[in-house]
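J.: Each chain, letter by letter, is given below.
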Amino acid sequence: MARHEQQSKKRRSCRFCDNKETYIDYKDERRLSRFVSEQGKIIPKRITGNCAGHQRQLVQAIKRARHLALIPFVSESIR
Amino acid sequence: MSEAHRSYETTYIINASIEDSQIEATIARVAEAIERNGGTITATNRWGRKRMAYPIDKKNNGYYLNVEFEGPGQMIAQLERVYQLDENIIRFLTILLDKYALEARAKTAAETTAAAVPATENPGTEKTGEAGTSGRPVKGEKPQEPVSADKAEKKDSDSRAPLFPEDGR
Numbered sequence: 004m005a006r007h008e009q010q011s012k013k014r015r016s017c018r019f020c021d022n023k024e025t026y027i028d029y030k031d032e033r034r035l036s037r038f039v040s041e042q043g044k045i046i047p048k049r050i051t052g053n054c055a056g057h058q059r060q061l062v063q064a065i066k067r068a069r070h071l072a073l074i075p076f077v078s079e080s081i082r
Numbered sequence: 034m035s036e037a038h039r040s041y042e043t044t045y046i047i048n049a050s051i052e053d054s055q056i057e058a059t060i061a062r063v064a065e066a067i068e069r070n071g072g073t074i075t076a077t078n079r080w081g082r083k084r085m086a087y088p089i090d091k092k093n094n095g096y097y098l099n100v101e102f103e104g105p106g107q108m109i110a111q112l113e114r115v116y117q118l119d120e121n122i123i124r125f126l127t128i129l130l131d132k133y134a135l136e137a138r139a140k141t142a143a144e145t146t147a148a149a150v151p152a153t154e155n156p157g158t159e160k161t162g163e164a165g166t167s168g169r170p171v172k173g174e175k176p177q178e179p180v181s182a183d184k185a186e187k188k189d190s191d192s193r194a195p196l197f198p199e200d201g202r
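As they're listed, the protein sequences go chains A and B.
Just so we're aligned, residue 4 is where the first sequence starts under this note's numbering, counting upward by one.
Just so we're aligned, residue 34 is where the second sequence starts under this note's numbering, counting upward by one.
Careful, some of the hints might be misleading.
[Unchecked claim] Simulated pairs of lysine to aspartate or glutamate, DMTMM-like, Cα-Cα distance not exceeding 25 Å: (1) A:Lys23 <-> B:Glu136; (2) B:Lys140 <-> A:Glu24; (3) B:Lys132 <-> A:Asp28.
[As the list claims (entries may be wrong)] These stretches of chain A come out as covered by chain B in the derived footprint (C-beta under 8 Å, 3 or more residues): (4) 25-32; (5) 64-74.
[Stated by the list, open to error] Pairwise CB distance ranges, derived in the manner of DEER restraints: (6) A:Cys54 <-> B:Ser54: 43 to 51 Å; (7) A:Ile45 <-> B:Lys132: 23 to 31 Å; (8) B:Thr77 <-> A:Lys23: 24 to 32 Å; (9) B:Lys132 <-> A:Gln42: 13 to 21 Å; (10) A:Cys54 <-> B:Glu52: 46 to 54 Å; (11) B:Lys92 <-> A:Ser40: 37 to 45 Å; (12) B:Leu118 <-> A:Ile81: 34 to 42 Å; (13) B:Gln55 <-> A:Cys20: 19 to 27 Å; (14) B:Glu136 <-> A:Val62: 16 to 24 Å; (15) B:Leu135 <-> A:His70: 38 to 46 Å; (16) B:Gln111 <-> A:Ile81: 26 to 34 Å; (17) A:Gly56 <-> B:Glu120: 35 to 43 Å; (18) A:Val62 <-> B:Glu120: 39 to 47 Å.
Don't read these hints as lab results, they were simulated from the structure.
C-beta atoms are modelled at their ideal positions from N, C-alpha and C, and glycine is treated no differently.
All chains, please: the whole structure from these sequences, using the hints.
T.: Structure follows, in structure tokens:
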């Protein structure tokens, strides 16, 4: 029971839904870097709490940004 | 023969180590290619010389450009061929702007103009920061708790900090 309550407290709501955003731009590198780990990996929605739809958009945006070298595939400190 | 014109956006990176005149020539060539294939350019944003997140073709810097245009879908294949044949263009990305993208764009445009008015009234510290990022999505609408990824970003941005002022257009 107690564990259950804790979990429900930890549950985060989707930030994009909270802001009523309908589009995630690949050019906004600072925003995207927030959803990427230190190594440059995309953080799963299980951690960030994003909803499925926004996570899909986000993933697409991150991949586009990587292609244009706006954000790294692998962070320089790891390489 | 009903060609639906749709909105597209191309971001491309020009080799930054070539002369400015050559960069201008490349930009003009791309613009000409878009017009020739039946497109109309609605906006051109120059981000200028920027450090890339990883080296491409052993180059660390690139001249970034973003062109928004409208045109028939068949033109995209021809355009991409132009990009590929151009030696000075080292990367490009063309995307379709759907209605959500256009909506969001209109919204941020409205916000930046709204934000620009009070900024001129009382010149604050934020003004300079905004001038540098104008034409791109508004950042920092929601100051959030820094995530660990932010730290990595900061570390990186320190090394490329001197490059950002050149970013102006």
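J.: So, for every hint listed, does it hold in this structure?
T.: The hints, checked one at a time:
For the suggested pair Lys23 of chain A and Glu136 of chain B, the alpha carbons sit about 12 Å apart, so the restraint of at most 25 Å is met. At roughly 10 Å between alpha-carbon atoms, Lys140 of chain B and Glu24 of chain A fall within 25 Å of each other, so this suggested pair holds. A distance of roughly 13 Å separates the Cα atoms of Lys132 of chain B and Asp28 of chain A; the hinted pair therefore holds under the 25 Å criterion. Given as covered by chain B, the segment 25-32 of chain A passes the check, having 6 residues with a CB less than 8 Å from a CB of that chain where 3 are the minimum.
Counting residues of the segment 64-74 of chain A whose CB lies closer than 8 Å to any CB of chain B gives 7, so the stated coverage by that chain holds, three being the minimum. For Cys54 of chain A and Ser54 of chain B, the hinted distance range of 43 to 51 Å is satisfied, since their beta carbons lie about 49 Å from each other. As the Cβ distance of Ile45 of chain A to Lys132 of chain B is approximately 26 Å, the hint placing it in 23 to 31 Å holds. Taken as a hint, the range 24 to 32 Å holds for the pair Thr77 of chain B and Lys23 of chain A, whose Cβ atoms sit roughly 30 Å apart.
Our hint of 13 to 21 Å for Lys132 of chain B and Gln42 of chain A is violated, since their Cβ atoms are close to 35 Å apart. For the hinted restraint 46 to 54 Å between Cys54 of chain A and Glu52 of chain B, the CB-CB distance of approximately 48 Å keeps it satisfied. At roughly 26 Å, the beta-carbon separation of Lys92 of chain B and Ser40 of chain A lies outside the given 37 to 45 Å, and the hint is violated. The beta-carbon spacing between Leu118 of chain B and Ile81 of chain A, approximately 35 Å, falls within the hinted interval of 34 to 42 Å.
For Gln55 of chain B and Cys20 of chain A, the Cβ-Cβ distance of about 46 Å falls outside the hinted range of 19 to 27 Å, so the restraint is violated. Checked against the hint of 16 to 24 Å, the C-beta distance between Glu136 of chain B and Val62 of chain A comes to roughly 21 Å, which is consistent with it. The beta-carbon spacing between Leu135 of chain B and His70 of chain A, approximately 22 Å, falls outside the hinted interval of 38 to 46 Å. Taken as a hint, the range 26 to 34 Å is violated for the pair Gln111 of chain B and Ile81 of chain A, whose Cβ atoms sit roughly 39 Å apart.
Restraint check, Gly56 of chain A to Glu120 of chain B: a C-beta distance of roughly 40 Å satisfies the suggested window 35 to 43 Å. Separated by about 32 Å at the C-beta atoms, Val62 of chain A and Glu120 of chain B break the suggested range of 39 to 47 Å.
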